[in-house]
Amino acid sequence: MNDGMMMASQPQIMESLCVAVAGQGGDGSLTLVTLIARALADYGYHIYESRNVASRIKGGHAAAFLRAGVDPVPAQGHDLDLLIAFDVEAIEILGPRVVENGVIIFDSSSEPCPMGGLKTGVEIIDVPFGRYAVRELRRDLYKNSLGYAVTCAILGLKGDLVQAKMREVYGRLPANVIAANLAAMETGFQIAGDFGYRGGRSRWQPRTLSPTPKHHMTGNEALAFGFLAAGGRFFAGYPITPATDIMEWLEKYLPDLGGVVIQAEDELASINMALGAAMTGTRTMTASSGPGIALMTEGISQAGSAELPVVIVNCQRAGPSTGMPTKPEQSDIGLMTQGANGDFPHVVLCPATPGECFEAGRLATDIAEIAQIPVFVALDQVVAQDRASFTLPHMGSLTINRGKRLAGPKGPGGPEYRRYQLTDDGISPWTIPGTPEGMSLVTGNERNEWGHVDTGPENRRRMMDKRARKLETISAMLPIAVNWGDASSDIGIIGVGMERGVMRDLTSLLARQNKSAAFHSPRTLWPVLPETLEFIAGKSRVFVIEHNREGQLFRLLGGALASRSHMTNITRYDGRAFSPEDLVRRLHEEGADL
Amino acid sequence: MTLTFKPKAPIWCAGCGHFGVHTALTHALKAAHVPAHEALIIAGIGCSGSIQNNLNAYGYHALHGRVLPTATGAALANPNLLVIGAGGDGDGYAIGGGHLLHSFKRNPSLVYIVMNNGVYGLTKGQNSPTAGAALTNGEAPLDAVQLGLSVSGSTFIARGFVGWWDQLATLIGEGIQHARAHCGFAFIEAISPCVTYNDTYPEWDGKLADISRDEAYDPTDRVQAMSRVMRLSEQGKLAVGKILHTTGSTLDQRHNVSAQRAPALQDVLPANNVSTYEAIARDHLV
Chain A
1 MNDGMMMASQ PQIMESLCVA VAGQGGDGSL TLVTLIARAL ADYGYHIYES
51 RNVASRIKGG HAAAFLRAGV DPVPAQGHDL DLLIAFDVEA IEILGPRVVE
101 NGVIIFDSSS EPCPMGGLKT GVEIIDVPFG RYAVRELRRD LYKNSLGYAV
151 TCAILGLKGD LVQAKMREVY GRLPANVIAA NLAAMETGFQ IAGDFGYRGG
201 RSRWQPRTLS PTPKHHMTGN EALAFGFLAA GGRFFAGYPI TPATDIMEWL
251 EKYLPDLGGV VIQAEDELAS INMALGAAMT GTRTMTASSG PGIALMTEGI
301 SQAGSAELPV VIVNCQRAGP STGMPTKPEQ SDIGLMTQGA NGDFPHVVLC
351 PATPGECFEA GRLATDIAEI AQIPVFVALD QVVAQDRASF TLPHMGSLTI
401 NRGKRLAGPK GPGGPEYRRY QLTDDGISPW TIPGTPEGMS LVTGNERNEW
451 GHVDTGPENR RRMMDKRARK LETISAMLPI AVNWGDASSD IGIIGVGMER
501 GVMRDLTSLL ARQNKSAAFH SPRTLWPVLP ETLEFIAGKS RVFVIEHNRE
551 GQLFRLLGGA LASRSHMTNI TRYDGRAFSP EDLVRRLHEE GADL
Chain B
1 MTLTFKPKAP IWCAGCGHFG VHTALTHALK AAHVPAHEAL IIAGIGCSGS
51 IQNNLNAYGY HALHGRVLPT ATGAALANPN LLVIGAGGDG DGYAIGGGHL
101 LHSFKRNPSL VYIVMNNGVY GLTKGQNSPT AGAALTNGEA PLDAVQLGLS
151 VSGSTFIARG FVGWWDQLAT LIGEGIQHAR AHCGFAFIEA ISPCVTYNDT
201 YPEWDGKLAD ISRDEAYDPT DRVQAMSRVM RLSEQGKLAV GKILHTTGST
251 LDQRHNVSAQ RAPALQDVLP ANNVSTYEAI ARDHLV
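Read top to bottom, the protein sequences are chains A and B. Counting from 1, one number per residue, gives the positions in the first sequence under the numbering used here. Counting from 1, one number per residue, gives the positions in the second sequence under the numbering used here.
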């Protein structure tokens with residue numbers, strides 16, 4: 001054993017830490033990262049977790065990432081301080097991302113760690129995890145517990161806390177399994193000791209921050225919670241990566257609240273089940289990804305025409321068609337803003353963090369009912385599935401707004417009730433089936449105020465204009481962009497969803513070089529808000545960062561402007577996130593004076 | 001008394017079978033004492049998809065083929081409503097065929113009436129899935145009754161003929177009872193000829209076999225039902241009457257939904273749910 005030959009003499013105070021655990025799918029990389037994240041959260045660190053998996057149940061390169069920081073963590077980031085690699089492929093793919101003097105813990109059960117492509121000073125800790133796990137513990141899966149202990153020793157985490165987190169995460173497993181994993185941990189600490197990490201010697205030293213209770217959720221989970229907290233009680237969906245988590249999360253919580261989660265036979269059924277439930281006045285949502293949203297578009301158009309409230313979540317993945325199911329993209333912007341047949345008022349929100357996802361789920365549910373329109377929430381796989389710490393709003397502070405829903409026991413009252421009554425704000429009072437004297441005909445056909453089909457040109461214009469007015473009515477409710485950086489800079493940088501975090505990191509990177517730009521991250525994708533057009537008009541150069549090839553956001557914004565000659569589109573569509581370094585390079589390539 | 005929409009006169013051709021369905025349904029609703037405001041008619045696309053405009057009830061005009069998922073969503077969200085889906089055979093067996101299969105399987109408590117005329121009338125005469133082999137160069141027509149019998153979750157399957165409107169009204173009435181008692185999916189196919197594009201009135205008299213005249217026929221016996229229906233089919237005949245009437249697990253039961261406890265009935269004011277929401281938030285603390 002090398003007994004700490006390469007160890008730095010003094011542990012490094014942990015301000016931030018990037019860890020990756022990688023191996024084959026089913027290796028348990030996600031669990032190991034969760035354990036480390038929980039332990040660091042206990043010290044008060046903000047945490048951010050993400051994953052890169054293949055579209056298969058087991059096997060294929062799979063990696064889980066963790067970034068911890070003293071301040072809120074905006075994105076996964078690129079560089080790694082510590083890599084736990086269960087096979088050679090993991091070293092080949094992620095080894096080059098380990099920083100100088102970083103650490104690699106490698107499972108050398110089959111072969112030693114390959115050294116090619118690694119930066120200087122990287123410490124390799126070769127541990128035959130698999131062999132230990134099988135020989136000592138008779139279960140290959142226990143290698144995660146071994147790895148957890150070795151990692152915690154290197155990170156300088158307290159032993160009792162490390163053990164408590166293991167018990168917490170494995171809490172629902174049978175006692176003998178927990179005991180075996182705890183035994184595996186002891187072996188792990190011994191292994192770490194063999195490498196010199198014993199007696200309080202470690203590579204990092206965690207700071208003890210004031211730990212405030214923090215919630216830790218993916219965008220999908222937070223969005224589902226926002227919907228539920230806004231009174232959402234019906235969800236219909238069909239399994240699809242990366243949206244399925246929403247259905248699974250709601251299945252856990254909605255039934256206890258008298259709600260229903262139904263798995264439909266396809267997305268045509270999901271959206272129409274949602275519309276049927278919406279007819280009854282139930283707050284309703286469905287969720288899918290690009291291919292499923294494509295199937296739903298007729299139903300979304302129906303909601304727009306029939307004036308039914310429904311929330312549609314699109315967890316965008318790389319297309320076209322089946323594309324790359326587990327990889328992120330923002331290539332359904334056109335589909336969501338302009339995709340359905342006919343024109344009708346609708347809204348597309350685009351939250352970028354779990355906190356914003358909660359708010360978007362809540363707000364979308366309110367806006368849908370107030371304006372009686374379909375409301376999209378546009379996520380991408382990164383926003384949908386990355387998990388970050390944040391603080392949920394106080395549950396006692398939440399409110400809902402049911403708009404012009406008439407819920408009187410006897411009915412709407414007054415001499416007459418017209419479901420599609422023409423109003424100044426475009427929104428008609430709404431009674432639901434079961435209400436005496438509130439009888440209505442609801443239809444996707446053009447109709448008159450009573451709901452009877454009417455294709456006369458005058459009626460058509462009046463009804464189209466009425467529906468269009470609804471967007472103006474709710475415009476003040478639409479979330480505005482997040483702006484930061486140097487507002488006076490000539491250079492403007494725009495991005496939504498997954499680009500937000502990397503734009504934040506870019507800000508820090510530029511600051512270290514005494515440079516800056518103005519950053520603008522919209523939270524409403526449709527309608528395009530005037531603030532974004534003003535932002536663009538106020539800059540001499542504007543860069544639109546997005547994940548698709550055709551520049552769908554660029555076109556959307558450009559199309560809303562008189563001139564876009566000073567706008568440049570920076571796109572990416574390889575299914576991988578930008579790093580700030582990538583962005584700097586691309587900005588320079590496009591002639592940005594940054 | 002608040003004035004709401006006035007039911008319209010049907011748009012159908014004189015002699016259209018759908019008049020018979022309209023009459024039978026009106027009669028059945030009245031006989032079952034369903035208050036008008038508690039009935040929700042969800043209609044499909046096509047000539048039959050305008051029936052909701054002609055009835056005194058809440059009406060919804062669904063997308064083509066999507067009557068059943070829409071009706072399922074409505075019935076599950078508020079089981080106090082009597083949800084009646086109505087549409088044509090193109091709507092229900094072609095573009096919406098997948099949903100029919102899964103509705104038999106799920107057994108939601110609602111009524112579904114299919115007006116079967118073997119033709120797409122509104123688009124002027126194309127063959128539908130039930131068009132006879134003579135029209136389709138020998139392609140055998142689809143029999144939704146056989147399909148329903150083959151799905152073990154199905155609980156109520158009937159077929160009527162608009163020429164025998166009183167029997168049709170009785171069948172619809174029994175279907176309404178089945179759904180209102182939360183016993184599941186009441187499927188009723190009404191043979192309803194299109195006098196303009198596929199006038200089959202003359203054919204049906206000889207081809208329809210009324211099984212309810214056979215006192216030994218037991219609609220709770222699925223095997224007997226299937227065997228009888230298939231045997232008649234081999235003889236070039238269609239079984240009419242109450243073909244299957246049994247019990248089984250319903251969608252509403254499985255979702256713990258009842259007239260007292262359903263999504264549409266929940267108090268969703270956040271102030272009245274704070275402790276539950278706080279407990280959920282606590283589940284996500286690190």
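No lab work stands behind these hints: they were computed from the structure. Certain hints may be false.
[Stated by the list, open to error] The list that follows gives simulated cross-link-like pairs (lysine-lysine, DSBU-like), each with its CA atoms no further than 30 Å apart:
hint : chain 1 : residue 1 : chain 2 : residue 2
1    : B       : K105      : B       : K124
2    : A       : K410      : B       : K30
3    : B       : K105      : A       : K404
4    : B       : K8        : A       : K404
5    : B       : K105      : A       : K252
6    : B       : K105      : A       : K410
7    : A       : K58       : B       : K6
[To be verified] So the derived list for chain A, only partly shown, Cβ under 8 Å to chain B, looks like this:
hint : residue
8    : S55
9    : I57
10   : Q263
11   : W450
[Stated by the list, open to error] According to the in silico footprint, chain B covers these stretches of chain A (three or more CB under 8 Å from chain B):
hint : stretch
12   : 247-258
13   : 275-289
14   : 326-336
15   : 469-476
16   : 529-539
17   : 547-554
These numbers come from a predicted model, not from an experiment. We put the CB at the ideal spot given by N, CA and C, even for glycine.
Okay, the hints, checked on the actual structure:
1. The suggested pairing of K105(B) with K124(B) is violated, with an alpha-carbon distance near 33 Å, which exceeds 30 Å.
2. The hinted pair formed by K410(A) and K30(B) meets the criterion: a straight-line CA distance of about 22 Å does not exceed 30 Å.
3. Restraint check: the Cα-Cα separation between K105(B) and K404(A) comes to about 38 Å, which exceeds 30 Å; the hinted pair is violated.
4. Note on K8(B) and K404(A): the hinted pairing holds, with a Cα-Cα distance of about 27 Å set against a maximum of 30 Å.
5. This hinted pair checks out: K105(B) and K252(A) have alpha carbons roughly 24 Å apart, not beyond 30 Å.
6. Pair hint K105(B) plus K410(A) does not hold up; C-alpha atoms about 37 Å apart against a cutoff of 30 Å.
7. For the suggested pair K58(A) and K6(B), the alpha carbons sit about 60 Å apart, so the restraint of at most 30 Å is broken.
8. Below 8 Å, beta-carbon pairs count as interface contacts, and S55(A) has none with chain B, the closest being about 25 Å; its hint is therefore violated.
9. Interface hint at I57(A): violated, since its Cβ lies 25 Å from the closest Cβ of chain B, which is beyond the 8 Å cut-off.
10. Violation of the interface hint for Q263(A) is found here, the shortest Cβ-Cβ separation to chain B being roughly 10 Å, above the 8 Å cut-off.
11. Taking 8 Å as the C-beta contact cut-off toward chain B, the hint placing W450(A) at the interface holds, the least distance being around 4 Å.
12. With a cut-off of 8 Å between beta carbons, the stretch 247-258 of chain A has 5 residues touching chain B; three or more are needed, and the interface restraint holds.
13. Proximity of the stretch 275-289 of chain A to chain B, defined as three or more residues with a beta carbon under 8 Å from a beta carbon of that chain, is established by the 10 residues found.
14. Counting residues of the stretch 326-336 of chain A whose C-beta lies closer than 8 Å to any C-beta of chain B gives 0; at least three are required, and the coverage claim is violated.
15. Counting residues of the stretch 469-476 of chain A whose C-beta lies closer than 8 Å to any C-beta of chain B gives 0; at least three are required, and the coverage claim is violated.
16. Counting residues of the stretch 529-539 of chain A whose CB lies closer than 8 Å to any CB of chain B gives 0, which falls below the minimum of 3, so the coverage claim is violated.
17. With a cut-off of 8 Å between beta carbons, the stretch 547-554 of chain A has 0 residues touching chain B; three or more are needed, and the interface restraint is violated.
Hint violations for this structure: numbers 1, 3, 6, 7, 8, 9, 10, 14, 15, 16, 17, all remaining hints satisfied.
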